[in-house]
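Build the full structure now, drawing on both the sequences and the hints.
Residue numbers (our numbering), protein chains in the order written: chain A, 1 to 373; chain B, 1001 to 1179.
Hints may contain errors.
Claimed, not checked - Within a straight-line C-alpha distance of at most 25 Å, the following computed SDA-like cross-link-like pairs (lysine to any residue) qualify:
id, chain 1, residue 1, chain 2, residue 2
1, B, K1148, A, R9
2, A, K149, A, R219
3, A, K103, B, A1018
4, A, K103, B, R1014
5, A, K103, B, K1148
6, B, K1148, A, I4
7, A, K182, A, A111
Unchecked claim - Just a sample of chain B residues kept apart from chain A, beta carbon distances all over 10 Å, derived:
id, residue
8, S1017
9, L1026
10, R1051
11, R1055
12, E1060
13, Q1065
14, A1070
15, I1072
16, D1073
17, S1138
18, L1140
19, C1142
20, K1148
21, R1153
Please keep in mind that the hints were generated in silico from the structure rather than gathered at the bench.
Glycine included, C-beta positions come from ideal geometry on N, C-alpha and C.
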Amino acid sequence: MSEIETELRDALHAAVAGARPPVDLMELVHQRRSSRRSHAAVGTMLVALAAAALVGGVLGGARTSAPREEPGTSPGPGGSHTRTPSQSPFPGLRGWVRHTDSKGDSIGTPATWHVGAFPALAAPTVLWVVSTGPVPNGGRCAPTAALRKLPANGALFEVMEYLSLTAQRVSEPYAFPPRGSKLGLGSNGGPYECWGVKTHLVVFQDGGRYFQVQTVFGRAASAALRKQVMRSLNTLHVAPLPAHEQPAALCHSGKWTFCSEAAWVYQVVSAARVTQLGNLGTRAISGLASNRSFALWTTGGGVSLTGSRCHHVPGTSACRVGQRIAWRVHGLIVWIESAASPYSTTPVRPGLPGRPALKRLIAASMRIGLPRK
Amino acid sequence: MGDDSSESFEEFVRGRSAYLFQLALLLSGRNQADAQDLLQMALERAWRRRRNISRDGSPEPYVRQTLVNASIDRWRGLRRRAECSLESAEAIAATGDPIGLIARRDQLIRSLGALPPRQRAVLVLRYWEDLSEVETASVLGCSVGTVKSQASRGLARLRELSELPAGAAGRAEVRNNNE
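The following block contains the structure:
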C-alpha cells in the first residue's frame, strides 16, 4: 500500500471515529414517510431547526449548545434517562442529604428541598431538578410544572448534561470552560428557550462531560438562600469519563474542537466581537463578521510562514497564504479561510473577514493567553 | 406495521446506525446535514422495500448501495456546491506534532470532499470500508476496471492536492522548520 493510501485510510478512520447520528434514524424514516405528501424534507428541517436554535442562541446570548430533544429521539451514549437517586446523609453538613444516581453522580441539598429527575428531555439530559418547593413532573422541555409551584421566597435549579446530539458528543465543547474551584450561578439572562423566564445560566465541563445549570429565584428569595443554592451546586460531583473519552484524548485523535486551542479560539472570537456560527465538524470554528462567514482554526507553530504578502501588525505579521490568512501567536498559527456557514438557513456569504474584524481578531489573539493544558 | 420484516429492519438500523452515519458523512464530504438527508433518503427507500430485502438476508448491502448511489445522484443534481479552498499551506506537519497531524488529515479529507462523487465513493469504499475492488464494483454497479481507474485517479488527485506547491510563484511559502 502506498503512502497516500495509508494516510487516506488513517484520515478516513480518524475523520468519523465515534461519530453517531444525532437522531434516531428510524425516526427520520418515519418522519419522512409521514411528510412525503407535503414533500417536506424533514431531515433538512431538523438540521435547520437545530441550526436556527443554535444561531438564535448565539445571537440572543443564550448558551444552550443544542436544541432540546424530546424522549424517543436520541438516548445518547449516556443511556438511561430515568434516574432514581438514592439519598444518604451528607458528611459534615448537618441537615443536608446527598442524592446519588445510578451513574455515581451526586449532589447535596438541605433535606427539606425537593429533588427530582426530569425525564421529559432526551438531549440534553436533565440530571437533577432541585427546588425548595415541590417538583412535580410536567413541562415539555423545562421543569415548568415545578416552576409554577415555586414559592416567592424559593429557588429552583436544573442541572443538564449535553450528550450526543452531534457526532462528537457535544456540538461546541470549546464553549464549556473547565469547572473552576468554585461554581457560580452565572449571569441572569433570557428568557431562555423552553423556560420562558429569565434564569441564571452557567456552563462548564467536568470529567470530560459538559453541563449547564439554570437557576431561578422567587422574587422574595433571600441572600441566604442564594448562598445555599451555590453551596448545593458546589457539592455536585460527577463521575468522570474514561481517559480515552476525555477531551485531551479526543483532541489527540484529531478532533480539533476538543483541543484547548479551540477553546482559546472561541474566546478570541468572542472578544473580537465576531459572531460564532458553530463549527465545521471537528476541524474549525465558524465565524461571522459583516455578513461574511469564515472558518478559524490553529495548527502547531512548527512551520514558518514566509510570504510576499505579509503585513506587520503589532506583535506579529499577518500573512496571506493562498486563499487563507494566517498569523503566528503564542507559538501557534491561527488560520482563517472563507467558508460557508454551517447553517444553510443563515443568509450570509463565505468570505474572509474585513480589515476591522481581522484587526480585532489579531489583537484579541495577542491579548488572550492560551489556556493551560 | 408489526411484521417481521419491519422489526428486523428497525433492528438493523438501530444496530448499525453509527456505521451508516459514518459512511454517509464520508460520502457527503463530512457535512452532517447532507449526511442526514442522504441517510433519510436511503433508509426510507430501503424501508419501502424491506420485505424483499429481508428475504435476501441482511439489508446492509442494499442500504449501502442505495446510500452510495444516492450520494452520487445527489451531487449530480446540485447545480452549485460550496467551494472548498484546497490551499496546502499547512500541509507539512511537524513530526510528532498532533496538531500538525490533525491538519494533514484534515486536508486529506477536505481534498477528498473536492473529488467527483464517484471517485470519492470508490476511495471511501476501498479505504474506509476496506472492500476489495470486486466488492466495490458490485456496490457501485460498475466494472472492476472502472473501480481501478477511479481509485487511481482519485489517489493521484489527492496526492496532487495535498502536496506542497513547491516554488509556486506569488504564493506564500510554508516550510517545515525542522527541515
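Going down the list of hints, with the structure as the test:
1. B/K1148 x A/R9: 17 Å, holds
2. A/K149 x A/R219: Distance of about 13 Å is within 25 Å: holds.
3. A/K103 x B/A1018: 24 Å, holds
4. A/K103 x B/R1014: Holds, at roughly 24 Å.
5. A/K103 x B/K1148: 51 Å, violated
6. B/K1148 x A/I4: 16 Å, holds
7. A/K182 x A/A111: 22 Å, holds
8. S1017: 5 Å, violated
9. L1026: Violated, because the least Cβ-Cβ distance between B/L1026 and chain A comes to about 6 Å, which does not exceed 10 Å.
10. R1051: 15 Å, holds
11. R1055: 20 Å, holds
12. E1060: 13 Å, holds
13. Q1065: At roughly 17 Å from the nearest Cβ of chain A, B/Q1065 sits farther out than 10 Å, so the non-interface label holds.
14. A1070: 12 Å, holds
15. I1072: 18 Å, holds
16. D1073: Non-interface label stands for B/D1073: nearest chain A Cβ at 15 Å, farther than 10 Å.
17. S1138: 20 Å, holds
18. L1140: 17 Å, holds
19. C1142: 20 Å, holds
20. K1148: 13 Å, holds
21. R1153: Answer for B/R1153: holds, closest chain A Cβ roughly 13 Å.
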